[in-house]
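Chains as they are written, first to last, in the working numbering: chain A, 1 to 273; chain B, 1 to 306.
Read the hints as simulated data drawn from the structure, not as lab findings.
Hints may be right or wrong, so weigh each one.
Stated by the list, open to error - The following label-pair restraints were derived from C-beta to C-beta distances: (1) K3(B) / D215(A): 56 to 64 Å; (2) N58(A) / A31(B): 37 to 45 Å; (3) D221(A) / K3(B): 49 to 57 Å.
Said to hold, decoys possible - If you want a taste of the chain A side facing chain B, the calculated C-beta under 8 Å gives, among others: (4) I102; (5) S104; (6) H106; (7) P113; (8) D116; (9) V117; (10) L122; (11) S127; (12) I128; (13) G129; (14) V130; (15) T132; (16) G135; (17) S158; (18) E161; (19) S203.
Cβ atoms here follow ideal geometry from the backbone N, Cα and C, with glycine treated the same way.
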Amino acid sequence: MDKNCQDLVTELQEKARNIRVLVVKIAGMSDCHTGGSLSMADMLSALYFHTMKVDPENPLWDGRDYFILSKGHTVPALDAALALRGFFPEEVVTTHLELDSIISGHACARETPGIDVSTGSLGHGLSIGVGTALGIRMDKASNRVFVMLGDGELQEGSNWESAMSASHHKLDNLVVIVDRNRYQTGPTEEMMSLEPLADKWKSFGWAVKTIDGHDMGQIVDTLESIPFESGRPSAIIAETIKGKGVSSIVNHHMARFNEESLKEALRELGEEV
Amino acid sequence: MAKSFSEVLLELAIDDPRICGVSCDCWGFIAPLAQRFPERAVELGIAEQNLIGVSAGLALRGKMPFAIGMNPFVTMRCFEQIRTDLGYGCKNVKVIGGYGSGLMYAGWGCTHHAMEEIGLMRLIPTMIVLMPSDAYETEQAMRAVAKMDCPAYIALAGGALPVGKPESERSFELGKASLLRDGNDVTIFGTGATVGDALKAYDMLAEKNISARVYSMHTIKPIDSETILKSAKETDLIITIEEHTVIGGLGGAVAEVLADAGAGTPLKRLGLQDVFACMVGSHQDIKNRFGITSEAIVDTVSQILK
């Protein structure tokens, strides 16, 4: 990796750390889907600070790339990324428990600038991504659509209707990232097995790459190589750790910090507490 | 002469480049559009949830999709997508129940009865809900929703009606019941195919010297409260008739308006009385057995207005 690339990776790693710190601050001592927010922080850093075309001054800019957080319960990480990217001030993200805050408990396009689609019920985002990608093609435009899916979410059958239609319509402007953290309320493979997951996507006509979702160099390289194949939608299966960066909540769906564990979490993320 | 759904859709699409057709195994409805604008017609196969999600995505990109499926399935299988992605999501998608409204596919069994289509769609905030009674109202309904920036459901329910007026003398206003026959004793509100039963009942009641007023309630939401309450004042009885469960449908909507206003006028709701229409028989056989006919209207009126 040349020096410029190394600098980029270092910068994106720092943004990912900032996202994680904000996620933990959002969680505070409230009930929060912290684990699944932390697992996708590295991908969000790469998307919002390198890959995607967005304009914080004009969130509805026609030329933007679209990001759909189908796993809407992990919105704290998206709110953090949007704040750090300048869509709204950083201090706003911790107002989510206040009356009439623009920061919602699940992704809310009505309230939060930069969020394109309201989600929360699993299995909706990919269909919306397919439609957006079709609309872009009707416009003969070059925007791209990124859909972040949870792995447990793939147990919803609607995803596979969408997956089938994306390859049928040859949507190579559509990218799926599966945050493969292997935990839902319990271990995903024990609750309802998804393996062989890459083969499932391949058999639905997608071009697939499996990566380490915490290796920033790999994430950047992979995002730079989309579409993986012309005429096919791209699926990235990102192997991640639920709760990555905060050891006390690894593999927890909805852990709640107490005063001490909250401080410890921030210290672990390199913050002075 | 009113045009077919697919002809009107093409005309609308010529005028408005946002309009596209999205089909759930209903290609015939968008075939003329596809011939003229191939890139604006999308087939998705038998997958209602994806139909609505994809349409929401097209709307996110600024399009105005007409998303077409079969009435029972396009309202039930993907109810959550319509509620969350179109309603909560504020998406300008027109959901079309293309065939199989109400009990139309009687003999195919209860799986194919759209006996909840109005009720489900009416539950969703911001949804416009239309059940036109014939080709004229269908064309007008399509033109009306194409001018609005909100989700809408149109049940293509109508057949040929003995309206008795040339189209040039008819009028259609979204949200306003259409008066088809005037009278003073009883008001009959039909919707979709049952407007035909109401018109027949009008003639049968006239023979008994009972003067009926017949409306096509083509817009179920927003419901025309003004006309309902006017009828409650000016006639002695209100009848609703629908190929739908009376809970939550046209009868339910009219009952809510009357109750909210404290109107004491008697109301009789003809339709499925909280039952599945589980039997083998023709459309007319099922209507006969479950009391959704002109004869049932006449019997009900005769019993109450003795």
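Structure-based check of all given hints:
1. K3(B) / D215(A): 56 to 64 Å: holds (59 Å)
2. N58(A) / A31(B): 37 to 45 Å: 39 Å Cβ-Cβ, so the 37 to 45 Å window holds.
3. D221(A) / K3(B): 49 to 57 Å: holds (55 Å)
4. I102: Because about 16 Å separates I102(A) from the closest Cβ in chain B, which is outside the 8 Å limit, the hint is violated.
5. S104: Result: violated, 12 Å to nearest chain B Cβ.
6. H106: violated (11 Å)
7. P113: violated (15 Å)
8. D116: holds (6 Å)
9. V117: Where the cut-off is 8 Å and the nearest Cβ of chain B is about 7 Å from V117(A), the hint holds.
10. L122: Interface hint status for L122(A): violated (11 Å vs cutoff 8 Å).
11. S127: Status holds, d = 2 Å.
12. I128: The hint holds - I128(A) has a Cβ within 8 Å of chain B, the shortest such distance being about 4 Å.
13. G129: OK, holds: G129(A) within 8 Å of chain B, min 6 Å.
14. V130: Check passed: Cβ of V130(A) comes within 5 Å of chain B, closer than 8 Å.
15. T132: At about 4 Å, which falls below the 8 Å cut-off, the nearest Cβ of chain B leaves the hint on T132(A) intact, so it holds.
16. G135: Hint holds; G135(A) Cβ to chain B Cβ min 3 Å, cut 8 Å.
17. S158: holds (4 Å)
18. E161: holds (4 Å)
19. S203: At 17 Å from the nearest chain B Cβ, S203(A) fails the 8 Å test, so the hint is violated.
The structure shown violates the earlier hints numbered 4, 5, 6, 7, 10 and 19.
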